[in-house]
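Colleague: Counting in my numbering, the sequence shown runs from 51 upward without gaps.
Think of the hints as simulated: they come from the structure by calculation, not from any bench. Treat the hints with care, as some may be off.
Claimed, not checked - Ranges of calculated distance between the beta carbons of each label pair, as one might list FRET restraints: (1) LEU200 / ARG228: 33 to 43 Å; (2) PRO131 / THR212: 43 to 53 Å; (3) GLN190 / THR84: 36 to 46 Å; (4) THR52 / ASP233: 37 to 47 Å; (5) LEU218 / VAL156: 16 to 26 Å; (6) THR212 / ARG59: 26 to 36 Å; (7) ASP233 / ALA199: 42 to 52 Å; (8) THR52 / ALA192: 39 to 49 Å; (9) VAL156 / ALA112: 51 to 61 Å.
In this text, all values refer to a predicted model and were calculated from it rather than measured experimentally. Backbone N, C-alpha and C fix where the C-beta goes; we use that ideal spot for every residue, glycine too.
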Amino acid sequence: MTRRTRLARLVRRWRPDRNPLRRAADRFEAAIMTALTAAFVFGAPAAALVAGHEAAAAGLRAEHAQMAWHQVPAVLLQNAPAPAHAMFQASLEPLVRAGWMAPDGVAHTGRVYAPGGARAGSTVQVWADGSGHLTRSPMQGAEVVTRIALVASLATLIVAVTVAMLGLLAHWALDRRRLAAWDAHWSVTEPQWTGRR
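Model the full structure from these sequences, guided by the hints.
Modeller: Put into structure tokens, the structure is as follows:
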């Protein structure tokens with residue numbers, strides 16, 4: 051079958067026509083599916099654009115807030131336990147009590163990640179905010195871009211799932227209506243065919 055013939059059959063299937071075998075529910079379902087397809091085609095890019103814009107704005111706000119963060123040296127107050135296996139040393143650093151000074155000169159203590167086997171008195175670099183509280187390391191540009199892409203993809207997926215669920219719900223409701231109409235017609239037609247009243 052050629053591509054043109056397939057396209058013509060698809061258009062005939064979905065367009066409203068005067069086919070006596072096509073019920074009103076069929077035409078209504080075709081209209082709903084067309085509307086849902088248009089909603090996805092136009093809604094998915096719009097949702098991705100809005101979500102990506104919001105994620106970019108949130109990333110900018112976070113980046114601005116992180117400008118006050120500083121890397122400060124923290125002095126270990128206890129020995130860090132040695133790793134049980136050398137292969138885990140890089141990935142599983144133990145939490146150890148340490149002390150550090152905030153940018154305003156106030157001393158702080160807390161638990162920081164330290165290399166396995168590090169001795170008390172040695173220093174590790176930690177990130178602290180303007181008041182000296184520990185923070186995670188600042189977001190990098192690549193992390194912001196990854197978050198924007200993830201949020202935009204998630205928004206597109208949500209639109210797709212919503213449209214698909216609405217389509218399935220409409221199909222289910224119209225199928226029930228078609229079956230009810232068929233039962234009603236059969237209850238009128240069956241006595242004529244079988245002779246039973």
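Colleague: Starting from the range 26 to 36 Å, see whether the pair THR212 and ARG59 falls in it by beta-carbon distance.
Modeller: At roughly 29 Å between Cβ atoms, ARG59 and THR212 fall inside 26 to 36 Å, so the hint holds.
Colleague: Determine whether the Cβ-Cβ distance between LEU218 and VAL156 falls within the hinted range of 16 to 26 Å.
Modeller: Hint violated: Cβ distance 60 Å, outside 16 to 26 Å.
Colleague: Does the Cβ-Cβ separation between THR52 and ASP233 fall within 37 to 47 Å?
Modeller: holds, 40 Å
Colleague: Does the Cβ distance between LEU200 and ARG228 fall inside 33 to 43 Å?
Modeller: holds, 41 Å
Colleague: Could you see if the CB distance from THR52 to ALA192 stays within 39 to 49 Å?
Modeller: Between THR52 and ALA192, where Cβ atoms are some 47 Å apart, the hint holds.
Colleague: Is 43 to 53 Å right for how far apart the beta carbons of PRO131 and THR212 are?
Modeller: Given a distance of about 50 Å, which is inside 43 to 53 Å, the answer is holds.
Colleague: Just tell me: holds or violated, for the beta carbon distance of VAL156 and ALA112 against 51 to 61 Å?
Modeller: violated, 25 Å
Colleague: Taking 42 to 52 Å as the stated bounds, is the beta-carbon spacing between ASP233 and ALA199 within them?
Modeller: Given a distance of about 51 Å, which is inside 42 to 52 Å, the answer is holds.
Colleague: Is 36 to 46 Å right for how far apart the beta carbons of GLN190 and THR84 are?
Modeller: The hint (36 to 46 Å, Cβ to Cβ) holds, given that GLN190 and THR84 are roughly 45 Å apart.
This entry does not satisfy hints 5, 9, going by the numbered hints stated previously.
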